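Peer 1: Below, each chain spelled out in residue letters.
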Amino acid sequence: MPDPLVVVQNLKKWFPVRLGFFESIFSRKQLYVKAVDGINFKIYRKEIFGLVGESGSGKTTTGKVLVRLLDPTDGKILFEGNDITSLSGIELRNIRQKMQIIFQDPYESLNPRMTIFDIVAEPLKVLKLCSGTELEERVYKALENVELVPPEEFIFRFPHELSGGQRQRVATARALIVNPKFIVADEPVSMLDVSIRAEILNLMFDLMEKFKVSFLYITHDIALARHVCDRIAVMYLGKIVEKGSTEDIVYNPLHPYTHALMKAVPNPDPNADRIEVVIKGEIPSAINPPSGCKFHTRCQRYIGDICKTKEPELKEVEKGHWVACHLYD
Amino acid sequence: MNILKLEDLTVYYETQRGYVKAVEGVHLAVKEREALGLAGESGCGKTTVALSILRILPPEGIIKRGKILFRDIDIAKLSESEIREKIRWKKISMVFQGAMNALNPVYKIGDQIVEAITTHYPDVSKEEAMERARKLLELVGIEPSRVDNYPHEFSGGMKQRAVIAMALATNPELLIADEPVTALDVVIQAQILKLLKDLKKKLKLSLILITHDLSVITETCDSVAIMYAGKIVEKGTVHEIYTEPLHPYTQGIISAFPNLYAPRTRLSSIPGFPPDLLNPPPGCRFHPRCKYAMDICRRKEPPLIDSGGGHLVACHLIGSE
Numbered sequence: 002m003p004d005p006l007v008v009v010q011n012l013k014k015w016f017p018v019r020l021g022f023f024e025s026i027f028s029r030k031q032l033y034v035k036a037v038d039g040i041n042f043k044i045y046r047k048e049i050f051g052l053v054g055e056s057g058s059g060k061t062t063t064g065k066v067l068v069r070l071l072d073p074t075d076g077k078i079l080f081e082g083n084d085i086t087s088l089s090g091i092e093l094r095n096i097r098q099k100m101q102i103i104f105q106d107p108y109e110s111l112n113p114r115m116t117i118f119d120i121v122a123e124p125l126k127v128l129k130l131c132s133g134t135e136l137e138e139r140v141y142k143a144l145e146n147v148e149l150v151p152p153e154e155f156i157f158r159f160p161h162e163l164s165g166g167q168r169q170r171v172a173t174a175r176a177l178i179v180n181p182k183f184i185v186a187d188e189p190v191s192m193l194d195v196s197i198r199a200e201i202l203n204l205m206f207d208l209m210e211k212f213k214v215s216f217l218y219i220t221h222d223i224a225l226a227r228h229v230c231d232r233i234a235v236m237y238l239g240k241i242v243e244k245g246s247t248e249d250i251v252y253n254p255l256h257p258y259t260h261a262l263m264k265a266v267p268n269p270d271p272n273a274d275r276i277e278v279v280i281k282g283e284i285p286s287a288i289n290p291p292s293g294c295k296f297h298t299r300c301q302r303y304i305g306d307i308c309k310t311k312e313p314e315l316k317e318v319e320k321g322h323w324v325a326c327h328l329y330d
Numbered sequence: 004m005n006i007l008k009l010e011d012l013t014v015y016y017e018t019q020r021g022y023v024k025a026v027e028g029v030h031l032a033v034k035e036r037e038a039l040g041l042a043g044e045s046g047c048g049k050t051t052v053a054l055s056i057l058r059i060l061p062p063e064g065i066i067k068r069g070k071i072l073f074r075d076i077d078i079a080k081l082s083e084s085e086i087r088e089k090i091r092w093k094k095i096s097m098v099f100q101g102a103m104n105a106l107n108p109v110y111k112i113g114d115q116i117v118e119a120i121t122t123h124y125p126d127v128s129k130e131e132a133m134e135r136a137r138k139l140l141e142l143v144g145i146e147p148s149r150v151d152n153y154p155h156e157f158s159g160g161m162k163q164r165a166v167i168a169m170a171l172a173t174n175p176e177l178l179i180a181d182e183p184v185t186a187l188d189v190v191i192q193a194q195i196l197k198l199l200k201d202l203k204k205k206l207k208l209s210l211i212l213i214t215h216d217l218s219v220i221t222e223t224c225d226s227v228a229i230m231y232a233g234k235i236v237e238k239g240t241v242h243e244i245y246t247e248p249l250h251p252y253t254q255g256i257i258s259a260f261p262n263l264y265a266p267r268t269r270l271s272s273i274p275g276f277p278p279d280l281l282n283p284p285p286g287c288r289f290h291p292r293c294k295y296a297m298d299i300c301r302r303k304e305p306p307l308i309d310s311g312g313g314h315l316v317a318c319h320l321i322g323s324e
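Chains P and B are the protein sequences, given in the same order.
The working numbering applies: residue 2 is where the first sequence begins, and numbers increase by one.
The working numbering applies: residue 4 is where the second sequence begins, and numbers increase by one.
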């Protein structure tokens, strides 16, 4: 096996719940939202690793913790073999040059009062990498790389003058301008029309090939993940319930949750199977998650008390295919 | 029997730089108890069509010409009070895009549904209306007792259900749903789509479903109209459109779709951007992005013609054969 670029070990992120005045006097226990609750994975070089799950499963929090926008509660993050879990100051800034993030909503992640030039140039200025003509050249190059051509036409515009797809290209250019090794892409196309999603995703592929970048691709759409990712991890309430190669996950889903997610994906082909509502209700609160297996309240294949009382461990059932479910004990 | 028929509907928005030709010469018919999907990219005019049907265009929106026939009433010609009296919500209602985020946070869900009822039927007492609100919540799969909850106590999926209940409050015959599942997760999306299908059957509704996502239409609708830059470019049954798309734009959006079970491939896309509708391109509005564009496409606008069996298409490739 090649050495991994990013290693995540037993990563936890708990947010303390703020209580009201009276509650804080009378309740003895501090409550936490366990957004990420002990997950492990590795991302190799030139790999797109997918993190799939519903809203509230902790996938965005994981992404933010990885690039250290949030501080982890517990666990370790190794980047190129170095522990970056508790870096700060100048060291953190140096590592930021190598890891960047693209946010979900291109309508909110670009400052409306900055021109495209300033938006794309900002990382270079913040990290004090270059200035003057070199800065200008790099901005032009970055815009060309994301196919906003000719760059002269875009540099003086403001975000509101661009379409959603163009904005997401600007966000991509901003992430790429510092030549990162690793990019977290948090639902980069979910706000875009289906017809332009393909363009943005293909652009990401090309850039990955060209600049040898690894991606953590966060999405709720398992059909997109299927086309984008090399490996996929499925998250539910802060835990990874299944992890494996994309082919394993799609053609041989083992966890009932993965199975349900796949059944819920609508297919444009009228001859294909129609969607099934396999699981009822919505994801439970992460403040007070169900005991045992966190999915047991919605599970179709509940096998008895063990699901309620004992939390299943993530086990390797086939080579490289991991699942956390008592069905496979 | 058509419940709704649009004839040559043309809607412009007046701006300082001229008219934005948002909808141009749209012909469309919805049969009784049919579910029609209206698909297209952002800015293609699909929401404008819906707003025109209910006559709730913003002040700068003008219905330039054309008819909006509900049975035999021309909605385009009615006065504001007649529309309120006869059509809006009583016959045709709508689930707006993002409406679940537009619920008033300081009113209880029940009161907001009651408001929808009493606004349109001032004679109904508040108690009767509240009883109806309970029934409606039950109908959309929410505990009736939750009329006393505030919106923040509902999850996203429940808010969407409540908004659907509100649209059904006055027993309309035609429901327009604008991107009803766009901001929802797949699991919740599946639940809402199933709800819409069930309600349509149970209440004998006709449905217009507006979305950019063809798969959502395949799940719920009988026929599809594809819109591009303010025009209908193709219309047919869901089956016809998917298995033999005739317009290059339709072919483009179908092949851009990620299929879960297909081998992992590079997704195809339609290059370019939709045109600026202040100055739409002459001839076929799709020609600047079309890989089959011919000379005639730049000069002459293709009419919407029947290619056989009610499958309509507006493309010179089909017309000249």
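Any given hint might turn out to be false.
[Claimed, not checked] Output of the computed footprint for chain P on chain B, the stretches with three or more beta carbons under 8 Å from beta carbons of chain P: (1) 191 to 200; (2) 241 to 254; (3) 257 to 270.
Because the hints were derived from the structure by calculation, they are not lab data.
All values derive from a computational prediction rather than experimental measurement.
Where is the CB? At the ideal position from N, CA and C, for every residue including glycine.
Peer 1: Against each hint, give a clear statement of whether it holds in the structure.
Peer 2: We went through each hint and held it up to the structure:
| no. | hint | in the structure |
| --- | --- | --- |
| 1 | 191 to 200 | holds (count 6) |
| 2 | 241 to 254 | holds (count 4) |
| 3 | 257 to 270 | holds (count 11) |
Violated hints for the displayed structure: none, as all numbered hints are satisfied.
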